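Q: What follows is the residue order along each chain.
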Amino acid sequence: MNLPKDLRYTKEHEWVRVKGAEAEVGVTDYAQGELGDVVFVELPQVGARVAQMKSFGTIDAVKTVGDLFAPVSGEVVAVNTDLKDDPSLVNQSPYEKGWMIRIKMTNPAETDALLDVNAYEKVLGAHA
Amino acid sequence: MSFVGRSEAERRAMLERIGAKGLEELWAAIPEAFRVRGPLPLDPPLAEYEVARRFDEWAERNADANHYACFLGAGVYDHFIPAAVRSLAARSEFATSYTPYQPEVAQGTLQVIFEYQSMICELTGMEVANASLYDGATACAEAAHLAEGATGRRVVLVSEGLHPHYREVMRTYASAGSFDLREIPLEGGTTSVAAVKRALSPDVAALLWAQPNFEGLIEDGVGLTEAAHAAGAYSAASADPVAMSVLSPPGHDGADIVVGDGQSLGVSMSYGGPLVGFFAIRKKDVRRLPGRLAGVTVDLDGRRGYVLTLQTREQHIRRERATSNICTNQGLMALANTIHLALLGAQGMRDVAVQCLEKAHYLASRAASVPGVSVHHGDTPFFREFVLRLPGPAADFIRAAQAKRILAGVPLSRFDRSRPNELLVAATEKRSKDEMDRYVDALTEWARSQAGARVEETAWRS
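As given, the protein sequences belong to chains S and W, one line each in that order.
Residue 34 in numbering that gives the first Met the number 0 sits at position 35 of the first sequence, and the numbers go up by one each step.
Residue 38 in numbering that gives the first Met the number 0 sits at position 39 of the second sequence, and the numbers go up by one each step.
Source of the hints: derived by calculation from the structure; they are not laboratory data.
None of the values given here were measured: they were computed from a predicted structure.
Treat each hint with caution, since some may be false.
Said to hold, decoys possible - Dumping the calculated DSBU-like pairs for lysine-lysine here, alpha-carbon to alpha-carbon at most 30 Å: (1) W:LYS283 x S:LYS62; (2) W:LYS432 x S:LYS53; (3) W:LYS282 x S:LYS83; (4) S:LYS4 x S:LYS83; (5) S:LYS53 x S:LYS18.
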């Protein structure tokens, strides 16, 4: 399983790539593997406000639907529109082409509450 | 644990767990006046034959549409239902089939739903229809809910031309926090595009209107839809399925959601239910569609097959985050709709609609010639139903007409106490010229008696 060391994680299996005041968000390799073929991703519009650990969208697989949780609070400044035409990008490339939204953080200190790769591995260990 | 029934031991265990001494303690909150002690006050038992006779006697006292000329409407209409509808819909393969979760054993049911959806799309001019909902009223509430989710806005404008009962159901949904309702009063009998424009704001999710409206009048579907769209709101219409055979269906007017009640399509009036709601949308919102959706696909060998599709939106998978808490459909009624539509075909539906239109207009123009009687907003186009303004209480005329085996209409006082002298009258294709002429005769006679009563009253006063 691919778990990049430079990312932060949530126990709900989102990853976060912090770039200055912005945070890029997607779901982890583990999440996409558990969901199976992703058929639809419902994302907010640019300009929407999201709050830490509140749902910002949903992800549909063939047999289930999951909520997507915002790892940090802020304003959505970009949405990956490629997922509309090809939701399977989440399966093929969860950390790159399968990114979902970019959030302009209102409180960058919130990232302190996120997991580093070791802590996230422990979460996954508990699932195994 | 057994699905029904509880043993004495189980009952004791449950009471013990919640700390109650006995069942009496749980019922303590029920006032004595509402408690039944001893046996229920029922008549002694009867033999099967005696019961059947008693029911027959009761049934014969009804003023029903089989023995009376029925001019009732207000959302439920007396259309002809070919005998084949009931005999096919009652086949046990349909009538007893369980919910089609297993497509491999439910192809017949799924194909019916698929055909039903296709017919509703054709009728409404829309792209996707679901497997049906409970009735037109809940379909309207679900339309408001869909628009709220799709736009991220909370306010739903509802024309007062929408059936008062539908608006009541919507208020119930709104009271649960789903959306905020604002009602737009009618102007001159129809929904004013200017009034809608004044009410629209950036927090409006949708405008809900009816075609034709509750009083039978035809709305400006294009004008209302364009106004809603200009403000970024959805246009949602509750449309009559028979009217859509001759009027421009709201889907062709640009509406985003078209709903309505399918009772007119092969479902008997049955004292007002069960009804069946249809629900049609644009493809862009397919993942917000409430309820069930049947799709067609091919199996591994390339053979055609039907399945329930996009089930991840539904309650049985998504639980409390489902697009709607409606996870079933009105299967038998939708089946009746499908058989009815298939039997009549597009031309048959048009023929029915044209007869309704012509008969309602014949009756309205003859009624309007009765002294003291007028057709409310008589210059506005209407379809199968219209409001008569009478020279006295509508309830009086209804009684007088009933004595002549005519069900004269629905009094508007039932919905609005400030309108005691107004009567909502519907004429379907079933009404004969003789029945309509008898209606006008009864109306003439009654109106004359009202005029006489007024003269007497005036004489007494002076």
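Q: Next step is simple, just say for each hint if it's right about the structure.
A: Hint-by-hint comparison with the structure:
1. W:LYS283 x S:LYS62: 21 Å, holds
2. W:LYS432 x S:LYS53: 65 Å, violated
3. W:LYS282 x S:LYS83: Since the Cα atoms of LYS282 of chain W and LYS83 of chain S sit roughly 14 Å apart, the hinted pair holds (cutoff 30 Å).
4. S:LYS4 x S:LYS83: 28 Å, holds
5. S:LYS53 x S:LYS18: Distance ~21 Å between LYS53 of chain S and LYS18 of chain S Cα, so the pair holds.
Against the hints set out earlier in the document, a violation occurs for number 2 only.
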